[in-house]
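I would like the entire structure built from these sequences, with the hints used as guidance.
The primary structure of each chain is shown beneath.
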Amino acid sequence: MIASAFFFKATLLFYLLGTTFFLLHLWGRERPGAAGSNAAADGRWSRLFAIGATAAGFLCHTAALATRIHAVGDVLFADRHEALSFVSWAMVLVFLCIEMRRRLHILGSFILPLAFLSLVSASALPNEVRNLNRTLKSTWLGVHTTLSLLGIVAFALAFVSGLMYLTQERLLKAKRFGPLYDKMPSLDLLDQWNAMAILTGFPLFTLGIIAGALWSQYAVGALWAIDDPKQILAIGVWLFYLMTLHGRVTIGWRAKRAARLAVAGFFGVMLIFLTLS
Amino acid sequence: MPAQRTPTQDDHKGCPYDQISMNVLLVGLNYRTAPVAIRERLAISEERLGEALYRLTADPAIEEGFILSTCNRVEVCAVARETTAGFAALQRFLLATAPNLPADQALPCLYFYMGGESLRHLLRVASGLDSLVIGEPQILGQVKEAFEAALRHKTTGILLNKVMRQTLSTAKRVRTETQIATHAVSISSAAVTLAKKIFGELQGRVALLIGAGEMAELAARHLVSQRIASLVITNRNYERAVDLAQALGGTPAPFEDLIARMVESDIVICSAGAPHYLIGVAEVARVVAARENRPIFFIDISVPRNIDPAINTLDNVFLYDIDDLKIAVEGNVRLREVEALKAEAIISEEAERLSRWLKSLDTVPMIVALRDRAEEIRSAEVEKALGKIGGLTPEQKAALDGVTTAIVNKLLHHPLTVLKAEAASANGNMILEAARRLFQLQEIPTPDGPGFLEADADIPDRRPPSRR
Numbered sequence: 002m003i004a005s006a007f008f009f010k011a012t013l014l015f016y017l018l019g020t021t022f023f024l025l026h027l028w029g030r031e032r033p034g035a036a037g038s039n040a041a042a043d044g045r046w047s048r049l050f051a052i053g054a055t056a057a058g059f060l061c062h063t064a065a066l067a068t069r070i071h072a073v074g075d076v077l078f079a080d081r082h083e084a085l086s087f088v089s090w091a092m093v094l095v096f097l098c099i100e101m102r103r104r105l106h107i108l109g110s111f112i113l114p115l116a117f118l119s120l121v122s123a124s125a126l127p128n129e130v131r132n133l134n135r136t137l138k139s140t141w142l143g144v145h146t147t148l149s150l151l152g153i154v155a156f157a158l159a160f161v162s163g164l165m166y167l168t169q170e171r172l173l174k175a176k177r178f179g180p181l182y183d184k185m186p187s188l189d190l191l192d193q194w195n196a197m198a199i200l201t202g203f204p205l206f207t208l209g210i211i212a213g214a215l216w217s218q219y220a221v222g223a224l225w226a227i228d229d230p231k232q233i234l235a236i237g238v239w240l241f242y243l244m245t246l247h248g249r250v251t252i253g254w255r256a257k258r259a260a261r262l263a264v265a266g267f268f269g270v271m272l273i274f275l276t277l278s
Numbered sequence: 344m345p346a347q348r349t350p351t352q353d354d355h356k357g358c359p360y361d362q363i364s365m366n367v368l369l370v371g372l373n374y375r376t377a378p379v380a381i382r383e384r385l386a387i388s389e390e391r392l393g394e395a396l397y398r399l400t401a402d403p404a405i406e407e408g409f410i411l412s413t414c415n416r417v418e419v420c421a422v423a424r425e426t427t428a429g430f431a432a433l434q435r436f437l438l439a440t441a442p443n444l445p446a447d448q449a450l451p452c453l454y455f456y457m458g459g460e461s462l463r464h465l466l467r468v469a470s471g472l473d474s475l476v477i478g479e480p481q482i483l484g485q486v487k488e489a490f491e492a493a494l495r496h497k498t499t500g501i502l503l504n505k506v507m508r509q510t511l512s513t514a515k516r517v518r519t520e521t522q523i524a525t526h527a528v529s530i531s532s533a534a535v536t537l538a539k540k541i542f543g544e545l546q547g548r549v550a551l552l553i554g555a556g557e558m559a560e561l562a563a564r565h566l567v568s569q570r571i572a573s574l575v576i577t578n579r580n581y582e583r584a585v586d587l588a589q590a591l592g593g594t595p596a597p598f599e600d601l602i603a604r605m606v607e608s609d610i611v612i613c614s615a616g617a618p619h620y621l622i623g624v625a626e627v628a629r630v631v632a633a634r635e636n637r638p639i640f641f642i643d644i645s646v647p648r649n650i651d652p653a654i655n656t657l658d659n660v661f662l663y664d665i666d667d668l669k670i671a672v673e674g675n676v677r678l679r680e681v682e683a684l685k686a687e688a689i690i691s692e693e694a695e696r697l698s699r700w701l702k703s704l705d706t707v708p709m710i711v712a713l714r715d716r717a718e719e720i721r722s723a724e725v726e727k728a729l730g731k732i733g734g735l736t737p738e739q740k741a742a743l744d745g746v747t748t749a750i751v752n753k754l755l756h757h758p759l760t761v762l763k764a765e766a767a768s769a770n771g772n773m774i775l776e777a778a779r780r781l782f783q784l785q786e787i788p789t790p791d792g793p794g795f796l797e798a799d800a801d802i803p804d805r806r807p808p809s810r811r
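So the protein sequences, as listed, match chains A and B. To get this note's numbering, take the position in the first sequence, counting from 1, and add 1. To get this note's numbering, take the position in the second sequence, counting from 1, and add 343.
To be clear, the hints were calculated from the coordinates, so they are not data collected in a lab. Some hints here could point you the wrong way.
[To be verified] Simulated crosslink set (SDA-like; lysine to any residue; CA at most 25 Å straight-line):
{"#": "1", "chain 1": "A", "residue 1": "LYS174", "chain 2": "B", "residue 2": "SER529"}
{"#": "2", "chain 1": "A", "residue 1": "LYS257", "chain 2": "B", "residue 2": "ARG634"}
{"#": "3", "chain 1": "B", "residue 1": "LYS753", "chain 2": "B", "residue 2": "TRP700"}
{"#": "4", "chain 1": "A", "residue 1": "LYS257", "chain 2": "B", "residue 2": "GLY543"}
{"#": "5", "chain 1": "B", "residue 1": "LYS539", "chain 2": "A", "residue 2": "ASP189"}
{"#": "6", "chain 1": "A", "residue 1": "LYS257", "chain 2": "B", "residue 2": "ASN659"}
{"#": "7", "chain 1": "A", "residue 1": "LYS174", "chain 2": "A", "residue 2": "ALA196"}
{"#": "8", "chain 1": "A", "residue 1": "LYS176", "chain 2": "B", "residue 2": "GLU544"}
{"#": "9", "chain 1": "B", "residue 1": "LYS539", "chain 2": "A", "residue 2": "PHE111"}
{"#": "10", "chain 1": "A", "residue 1": "LYS174", "chain 2": "B", "residue 2": "SER532"}
Structure below.
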């Protein structure tokens, strides 16, 4: 456990650094597509530091999760600390993958603060290896939590692309062409990300809920506990994203409306975390 | 260096540039010094360029000549043996270009540069630093064409050829080493950049052009070059739309179909020239609903505006008028100004290098350099010989010195005579350059001497006050 705690603290520190530099990067003036090597240096340096810190943090984070799983003995993510830490880890993983392929650094300025906040919330929660009731322990619980959390990560990415869409849309409408405007990808790309994220997240979340129901049947004897606010919220969130997807396909809820829906939906997702046991 | 080789020094007594054997002079006018009414009369069209080049170099005061004439400037650059006569010849040449233009109207528009200043000016012009839009790329091509024309008509010689080649390579260096030409500063390229911020790549997008104005056509051409899927052109005068569609490779559409066409289009460029709004909020709201929230980008370059500015408040509608586009390029214009400072540094460096080369062609320092070099070799060899033989009496040493000096002087006598005599002839520059190369006289022996380009500060400058 000591190793895990150490890695966890190192991760926090690195993500704090990454977040700080990525936020600085928001304001750093840097022109894309410059031929010369003498592009404004401030933007570039904050960016390099930010990516370096994020990558280092990700390695520590992986180590922290691995040592913890090793100590606990299974992959559960059943308490809020583990769940939030996993969500944060997966978001950074996705960011690093996109960063490597597309070099869209500005994405980090939006994802990293979210991943950092998620990890800070995790660190504020009790972090001890709990002793789950034997009856509660089952493969279905692991499947349920993992799938649901992956779905939530996808919703978080939809939230980030929605937020970026609304920001850039506002800049375009207000005709303000600052450093942030320069660095943002096109509205079309952000809308595509939004669609892709929800299209990926929704099936995962659905399967997660089904696995949860099955586990509940096995452990508690009922598919569904009507008095559990977490379950009610989860169903509400599920319905919301179903509506979002349906609206996009049938009546053209895309672009700005889709961005707003993705942002709104994520607040529901965050509420789920508040109700987690 | 007291060699006064110019016979007519009475005109400008004591002016140091009269000591110069060759000078690069430049007389010209541009959009800052002359209104278009004068520029267009002094402009030399492509067909008349050959004749003009001959007329320029036919003047006995002019050795080599080069003319650059664009819609924004006329620059006449020449090599003259004598500065005063050279300037007078250039002025005469320009006035003769527009015989009906009174001299008192034309003369205040002209600027006069010589030596290092003229080189610097040429480099700045070719690099786009002197252009209306800083860093614009066309000027480099125009300079290149002008130089090729001069080469074709054989009016440039060894000096101007070197100067022009250096000018072209400097302009290229400025473009690769600074970001002076990187970002959009024209209205139509700004429209394309904005469209890319909304739609990403423009391949597969549909554009609609309303009206057939020149600006709209320019913007449409930019879009077509981005490989958009199709361009629809509509105009109240349908025939005009058909013509323009043919020219741009688009499809014409009747003006009544405007709303239906807008529904299909991602980018709408409006330059209709109507006295009132053609497109209002109600129409666009319907279009957006029919497009199922797909963003649509309106560019209104008509003055007065033809699209109600209130449509910008509708979701997924982006409206830019001509002023907005100007704001969009303003940041880039500022960036170019910053980059221009870097470019000026490069130009100073290159102009300095050119000046040094020109200076190395000056006869007197060349003769001094040649003598120095020979003397250097001679004395070194004598020293070596003395070291080997050893034990010579002072008389013997003096004899050795005398013999070697005589050999060197005999050997150099004829080359130096020819250099002195021919420097002023028509082939002078070639002979000077040949001597410089044969004897490897790269370095100028007296860089701080009262040479030829340092005299710039004393030039009676006739630059108009409006020039920056």
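Hints and how they fare:
no., hint, verdict
1, A/LYS174 <-> B/SER529, "holds (20 Å)"
2, A/LYS257 <-> B/ARG634, "holds (13 Å)"
3, B/LYS753 <-> B/TRP700, "violated (28 Å)"
4, A/LYS257 <-> B/GLY543, "holds (16 Å)"
5, B/LYS539 <-> A/ASP189, "holds (9 Å)"
6, A/LYS257 <-> B/ASN659, "holds (7 Å)"
7, A/LYS174 <-> A/ALA196, "holds (22 Å)"
8, A/LYS176 <-> B/GLU544, "holds (20 Å)"
9, B/LYS539 <-> A/PHE111, "holds (22 Å)"
10, A/LYS174 <-> B/SER532, "holds (19 Å)"
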